[in-house]
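From first to last, the protein sequence lines stand for chains A and B. Just so you know, we're using my numbering here: the first sequence kicks off at 2 and counts up by one. Just so you know, we're using my numbering here: the second sequence kicks off at 48 and counts up by one.
Read the hints as simulated data drawn from the structure, not as lab findings. Among the hints, a few may not be true.
Claimed, not checked - Among chain A residues calculated to face chain B with C-beta under 8 Å, some are:
(1) F66
(2) L98
(3) L185
(4) W187
(5) Y188
Fair warning: this is a prediction, and the values are worked out from it, not measured in the lab. Backbone N, C-alpha and C define an ideal beta-carbon position, used for all residues, glycine too.
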Amino acid sequence: MVMQAASGALAAVSGGRMELFVQQLINGLTLGSIYGLIAIGYTMVFGIIGMVNFAHGDVFMIGSFIALITFVWLSSVLGESAVILSLFIVLVVAMVLTSLWNWTIERVAYRPLRGSFRLAPLISAIGMSIFLANLVQVTQGPRNKPVPPLLTQTITVIDSPVYAVTISYKQIAIMLVTAVLLALFWYLVQRTPLGRAQRACEQDRRMAALLGVDVDRTISITFVMGAALAAVAGVMYMVYYGVVNFNDGFVPGVKAFTAAVLGGIGSLPGAVIGGLLIGLIEVFWSAYFSTDYKDVAAFSILAIVLVFLPSGLLGRPDVEKV
Amino acid sequence: MALKARDAAIEGEAARQGFAEIVKQAAFAALVTLGLCIPLLAIRTDQSLNNQLVLVPRWDAVAIACGLVFLGRIALAYVGRAGSLTGGTTARFHAAGAARPVGKARLASFLRTALLGFVVAFPFIAIWGVGWQGSIKWIDNFGVQILIYVMLGWGLNIVVGLAGLLDLGYVAFYAVGAYSYALLAKNFGLSFWLLLPLSGILAAFWGVLLGFPVLRLRGDYLAIVTLAFGEIIRLVLINWVDFSNGYAGIGGIPRPTFFGIPFNASDDGFAARFGLEFTPLYRTIFLYYVILALALLTAIVTIRLRRLPIGRAWEALREDEIACRALGIDTVNTKLTAFALGAMFGGFAGAFFAARQGFISPESFTFIESALILWIVVLGGMGSQIGVAIAAVVMIGGTELLRELDFLKAVFGQDFDPAQYRMLIFGLAGVMMIRWKPRGLVSTREPTVFLRERKAVSVDLVKEGHG
Numbered sequence: 002m003v004m005q006a007a008s009g010a011l012a013a014v015s016g017g018r019m020e021l022f023v024q025q026l027i028n029g030l031t032l033g034s035i036y037g038l039i040a041i042g043y044t045m046v047f048g049i050i051g052m053v054n055f056a057h058g059d060v061f062m063i064g065s066f067i068a069l070i071t072f073v074w075l076s077s078v079l080g081e082s083a084v085i086l087s088l089f090i091v092l093v094v095a096m097v098l099t100s101l102w103n104w105t106i107e108r109v110a111y112r113p114l115r116g117s118f119r120l121a122p123l124i125s126a127i128g129m130s131i132f133l134a135n136l137v138q139v140t141q142g143p144r145n146k147p148v149p150p151l152l153t154q155t156i157t158v159i160d161s162p163v164y165a166v167t168i169s170y171k172q173i174a175i176m177l178v179t180a181v182l183l184a185l186f187w188y189l190v191q192r193t194p195l196g197r198a199q200r201a202c203e204q205d206r207r208m209a210a211l212l213g214v215d216v217d218r219t220i221s222i223t224f225v226m227g228a229a230l231a232a233v234a235g236v237m238y239m240v241y242y243g244v245v246n247f248n249d250g251f252v253p254g255v256k257a258f259t260a261a262v263l264g265g266i267g268s269l270p271g272a273v274i275g276g277l278l279i280g281l282i283e284v285f286w287s288a289y290f291s292t293d294y295k296d297v298a299a300f301s302i303l304a305i306v307l308v309f310l311p312s313g314l315l316g317r318p319d320v321e322k323v
Numbered sequence: 048m049a050l051k052a053r054d055a056a057i058e059g060e061a062a063r064q065g066f067a068e069i070v071k072q073a074a075f076a077a078l079v080t081l082g083l084c085i086p087l088l089a090i091r092t093d094q095s096l097n098n099q100l101v102l103v104p105r106w107d108a109v110a111i112a113c114g115l116v117f118l119g120r121i122a123l124a125y126v127g128r129a130g131s132l133t134g135g136t137t138a139r140f141h142a143a144g145a146a147r148p149v150g151k152a153r154l155a156s157f158l159r160t161a162l163l164g165f166v167v168a169f170p171f172i173a174i175w176g177v178g179w180q181g182s183i184k185w186i187d188n189f190g191v192q193i194l195i196y197v198m199l200g201w202g203l204n205i206v207v208g209l210a211g212l213l214d215l216g217y218v219a220f221y222a223v224g225a226y227s228y229a230l231l232a233k234n235f236g237l238s239f240w241l242l243l244p245l246s247g248i249l250a251a252f253w254g255v256l257l258g259f260p261v262l263r264l265r266g267d268y269l270a271i272v273t274l275a276f277g278e279i280i281r282l283v284l285i286n287w288v289d290f291s292n293g294y295a296g297i298g299g300i301p302r303p304t305f306f307g308i309p310f311n312a313s314d315d316g317f318a319a320r321f322g323l324e325f326t327p328l329y330r331t332i333f334l335y336y337v338i339l340a341l342a343l344l345t346a347i348v349t350i351r352l353r354r355l356p357i358g359r360a361w362e363a364l365r366e367d368e369i370a371c372r373a374l375g376i377d378t379v380n381t382k383l384t385a386f387a388l389g390a391m392f393g394g395f396a397g398a399f400f401a402a403r404q405g406f407i408s409p410e411s412f413t414f415i416e417s418a419l420i421l422w423i424v425v426l427g428g429m430g431s432q433i434g435v436a437i438a439a440v441v442m443i444g445g446t447e448l449l450r451e452l453d454f455l456k457a458v459f460g461q462d463f464d465p466a467q468y469r470m471l472i473f474g475l476a477g478v479m480m481i482r483w484k485p486r487g488l489v490s491t492r493e494p495t496v497f498l499r500e501r502k503a504v505s506v507d508l509v510k511e512g513h514g
């Protein structure tokens, strides 16, 4: 990232302004896809039980660690050459196990608090977030965990003499997987009985229960779905950056939450649009201003959006009933 | 006879079935644990010399974890708390819905006096107990450290406990206070006693500045925005190297003096002036009484303010913001005062922290600190002064004690470091606590205004945390 930005800045000096822009657009969309996938977990949980699942960023981090361990194990079994096959297995394993984590977390830390005072689940989630980050620190150690570079081949999109715009295989894979998963989840939420139950719980939990919807089960499934997408994001994060750390849950988590709020919390397409926007803003900020303050920019956007646009781009305004 | 025998048989059968059910659930929990442990605990990734990851299996640890969960789940079922594990959306009703008269007032006031006496005498008790050499650790690591958090807890209590505004970025004001003292003392040579109020004022100013835009937010959103502000301040401190020296932090901060007399071994130092033998203990004891005085100031100001219209307005705001507005309370000013006052006490504590440490860096002001202070307030019962103090003793004293548990090394092997598990236990404790004691340790409220008879009210009857 930093290096790309630096070389980009060089190109801007020598005149390849258009090419730099396109390159940053590609990078931004890749990063935004990852944020969007995490943001869906925030938005779905907030939609259904009205809670900011503070630990979601750490669930994403757990997903990337599960992916890392599985990948290292698989490459020792299958050999280095079967990268595509191992990544596919890694994806499935990470989705399953991360879902199990989030299911357990919901069961242990949030479900008993339903009906308690409103901020209780938020406080519990903060505790969970600290617990998960430190659990990984204790069990896996505090150092960065590197993986060998994967899917590094690139395709040249624009070949200009000053600056060649390229897109790497991993960027294509990330955007492709995101698009496919979104289509799948959109179908799941809009067209299946499960999605109908979810939307019913979102509107009125008590009424849904009266009409025979198993509310607890629906909420559990929502957490499982959010975690599965976070796990996919975790795999992508590992592939894209080539390094994972126990601390990686917090900042991407906050950025994804910003994306969810920006898109309008509760709205699935909103989360994706928000994620893409946040990814683009981060990348362009780093390329044209400074990389030092890119996290400050993310947090500032979060504050600005919450204060001035609390219902987001696609969200419904929250009407307060007295 | 036969009938009785049959009854007993049925009862036995029921008990056996109950046990079978419990074992089944426990086995399920253990199975889930196995699933959770599989990659994270079972296989450790270590870096080899050529920077490649190698896998180290640890199945014994997984077996221990699963066994512990299995036994723990059975134990839990017998303690009778299991209901909440399997319970669904139905809310657990907390007992004590009815008001109970305050009969134990005299006992409470006696206890308060005794506690205060102990706290005032603590340095001397420590010296008497473990001698001159050993007592520094106790006074500094336990006494001063706990009192800093008691003070921060009481400061945040104004914002969270009284005004009901969930603030996840409180540590920002602590940082403002610390950096104000450090920079002004180093660059302009101003004294601790001048800078202490100045740091408080600067922190209060930032409280108003950050509080103003977020006033219209409530609940979760307010919490997240304050978190964002806290992080922005920390990131700016990291990145603006010219101003704050970035990650490296600021060292060599002037230490507080005894009204102009420095605590050092020189001829005009404290020990020499008073004809005593030099020991660093004097400074520690002095710092202890400074932070004790500051903490008590926070408590007294809070208690007095609660009786003033502004304090009543805070508590009214916490219970129902819309009703407040309907009754003509200026919600903007009320919230801002709470923010500013809470921030001011945070600023005092920050200035004291910088003076005590002599070195500060952005590492001391992470989100975890905010969470820790919030924990203390929540565990203390949101609004209860004494509860917050007890919670601070439990949380900070408990984690400090963890460093002392050397005998654990004998059990778990030499490379076992209990301090490493500090935050792990802390996070877990937070989850457990909010689950089993969601209202904190002191979960009754004594109204400051009352008609005829003073009644303590269970917090379950008030809907604080709503706004």
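So, going through the hints one by one against the coordinates:
1. F66: OK, holds: F66/A within 8 Å of chain B, min 6 Å.
2. L98: Hint holds; L98/A Cβ to chain B Cβ min 7 Å, cut 8 Å.
3. L185: Nearest chain B Cβ about 24 Å off; hint violated.
4. W187: Given a least distance of 26 Å, the restraint on W187/A is violated.
5. Y188: With a closest approach of 28 Å, the Y188/A hint is violated.
The earlier numbered hints that this structure contradicts are 3, 4, 5.
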